[in-house]
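Asker: Listed below, chain by chain, are the residues.
There are 2 protein chains.
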Amino acid sequence: MTYCVGLKINEGLVFMSDTLTNAGVDNINRNRKMKNWSVRNYRSIVLLTSGNLATSQAAISTINEQIDQSELEDRNILKAPSMFKVAKIVGKILREITSEYTIEGQKSDNQYHSTFILGGQIKGSEPKLFLIYPEGNFIEASDDQPFFQIGETKYGKPIIVRAYDKGLSFGEAIKLLLVSFDSTIKANVSVGLPIDLCTLKGSSFKISNQVRIDQDNKYFKNISENWGSSLKKAIKSLPTFQEDNCS
Amino acid sequence: MTYCVGLKINEGLVFMSDTLTNAGVDNINRNRKMKNWSVRNYRSIVLLTSGNLATSQAAISTINEQIDQSELEDRNILKAPSMFKVAKIVGKILREITSEYTIEGQKSDNQYHSTFILGGQIKGSEPKLFLIYPEGNFIEASDDQPFFQIGETKYGKPIIVRAYDKGLSFGEAIKLLLVSFDSTIKANVSVGLPIDLCTLKGSSFKISNQVRIDQDNKYFKNISENWGSSLKKAIKSLPTFQEDNCS
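Listed in order, the protein sequences are those of chains A and B. Numbering that gives the first Met the number 0 applies: residue 0 is where the first sequence begins, and numbers increase by one. Numbering that gives the first Met the number 0 applies: residue 0 is where the second sequence begins, and numbers increase by one.
If we strip away everything but chain A, and leave its shape as in the complex, we get (with noise of 0.2 Å):
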């Protein structure tokens, strides 16, 4: 399985993804799911991949294939003139893809399909978020919905729900994601360590925070030790239930 998440702020966008893949439990691989383009001064462009393996990579190939061949506004996420246009390119490869392998392939129960998180900025235009569905159909970030989860979403979710807020700073905003991303993993052996972090801080055009966070790594190491006791703490902070609590 696969966790990643991809939040946006006031101050611009942060994004993480675990690095654990599985074709069943006896064949488990680390794989980078967090990949980035960037034009100096111009656009930055972050994509976070779940789902079948073969899939993301080939989109990711074709992506790639595409900015060296193509100066088409349409076929060229480097040139195309919104992230609008962008998710459209990145999520019309995935549709192609996809159903390449599902129409002429073996027959198999959605085995194909990959989710992505697609974040960007380019000069002129705000930092945008989308969701990119397997169909390569997609929905943008939005104040009701600030972030976007795929993958194993359901340990880490509830902790973003309660405690994410537009005015978080980056470094606030990569702490909450990491208690999140230690829920999952201490919830869930299919998401696991390392962890790669990134944030695209609005008009910098520039990735920022570009890191990989392994198990001896000294924060992350303090954040899940300390997370537990200060749990503890919060819920020892509310009133216990006592039997009249009950009417």
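None of these hints come from the bench; they were simulated from the model. Hints are not guaranteed to be accurate.
Same chains, same names: a pair is fine if it fits in one copy or spans any two.
As the list claims (entries may be wrong) - Below are the PhoX-like pairs computed for lysine-lysine, each with C-alpha atoms no more than 25 Å apart in a straight line:
| # | residue 1 | residue 2 |
| --- | --- | --- |
| 1 | 165 | 235 |
| 2 | 217 | 235 |
| 3 | 122 | 84 |
| 4 | 235 | 185 |
| 5 | 91 | 34 |
| 6 | 220 | 231 |
| 7 | 205 | 78 |
| 8 | 232 | 220 |
| 9 | 200 | 231 |
| 10 | 231 | 185 |
| 11 | 200 | 235 |
| 12 | 87 | 34 |
| 13 | 232 | 217 |
| 14 | 165 | 200 |
| 15 | 232 | 185 |
| 16 | 122 | 78 |
| 17 | 235 | 220 |
Position chain B relative to chain A; hints supplied.
Answerer: Using the frame of chain A, we list chain B on its own:
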């Protein structure tokens, strides 16, 4: 969907279940998923049900019929000499109902499946907690696995994993489960209030704290409203991510 938890602590057993059932998003109802049987000063048994409602109800009706109609130890859960035997009776009933509809009925993807949590105590033995699979076989709770969840289990798992302690009092354990339920309800519309609660104190052979918690319950409101701020405080108490944490 459904969310039910059975939890074992030193003092005894705690059970909690939501009441929302749905057949499609436009056919939503409330149904009690918690059922209990007692013989004064001798035994108490609690059953939580998830999955296909027809299967769950048929299983409960069959359990009741066999209580009324049979004196046999391997048919009547109020005569069975151990909780292991009670679990075998319930598992057999579940398996027979499921296979009846699976073999004789229309083809359907897992639609006749139910999963149960069964707990209780019979005089002369410790309180026991079981998870009964749709196939009718079952596993028992232990120090390594002191709680079982069924239904929409993922949202509410991390908080239990982190904050569970077998030394919790009943009041603290109920508070913990209410936070877990609140997290789930906030994240997923298929789980909903009211919540049914009951506890079984070791060697009391009596079901206590039998409460239905609805949206007007002041204690739950208090927990739900204050959990958000407690969680934010807990996050705040952790050090913020700095770029030099990357190394």
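Asker: Please sort residue 231 with residue 185 into within, between, both or neither, judging by C-alpha distance up to 25 Å.
Answerer: both (16 Å within a copy, 20 Å between copies)
Asker: For the identical chains here, do residue 165 and residue 200 meet the 25 Å Cα criterion within one copy, between copies, both, or neither?
Answerer: Classified as within; 14 Å inside a copy, 46 Å across copies.
Asker: Please sort residue 232 with residue 217 into within, between, both or neither, judging by C-alpha distance up to 25 Å.
Answerer: both (22 Å within a copy, 22 Å between copies)
Asker: For residue 200 and residue 235, with the copy left unspecified, which applies at a CA distance of at most 25 Å: within, between, both, or neither?
Answerer: between (37 Å within a copy, 22 Å between copies)
Asker: At most 25 Å between CA atoms: does that hold for residue 235 and residue 220 within a copy, between copies, both, or neither?
Answerer: Cα proximity of residue 235 and residue 220: in one copy and across copies (23 Å, 17 Å).
Asker: Should residue 220 paired with residue 231 be assigned to within, between, both, or neither, using CA atoms and 25 Å as the limit?
Answerer: This pair counts as both: shortest intra-copy Cα distance 18 Å, inter-copy 20 Å.
Asker: Taking 25 Å as the upper bound on the Cα-Cα distance, should residue 122 and residue 78 be classified as within, between, both, or neither?
Answerer: Classified as within; 12 Å inside a copy, 76 Å across copies.
Asker: With 25 Å as the alpha-carbon cut-off, assign the pair residue 122 and residue 84 to within, between, both or neither.
Answerer: within (14 Å within a copy, 70 Å between copies)
Asker: How would you classify residue 205 and residue 78 at a CA-CA limit of 25 Å: within, between, both, or neither?
Answerer: Classified as within: same-chain Cα gap 17 Å, cross-chain 72 Å, threshold 25 Å.
Asker: Evaluate residue 91 and residue 34 at a C-alpha cut-off of 25 Å and name the case that applies: within, between, both or neither.
Answerer: Within one copy only: 18 Å inside a chain, 52 Å across chains, cut-off 25 Å.
Asker: Is it within, between, both, or neither for residue 87 and residue 34, if the alpha carbons may be no more than 25 Å apart?
Answerer: This pair counts as within: shortest intra-copy Cα distance 17 Å, inter-copy 52 Å.
Asker: Treating 25 Å as the Cα threshold, decide for residue 200 and residue 231: within, between, both or neither.
Answerer: Between. Shortest inter-copy distance 24 Å satisfies the 25 Å Cα cut-off; intra-copy 34 Å does not.
Checked against the numbered hints given earlier, this structure breaks none of them.
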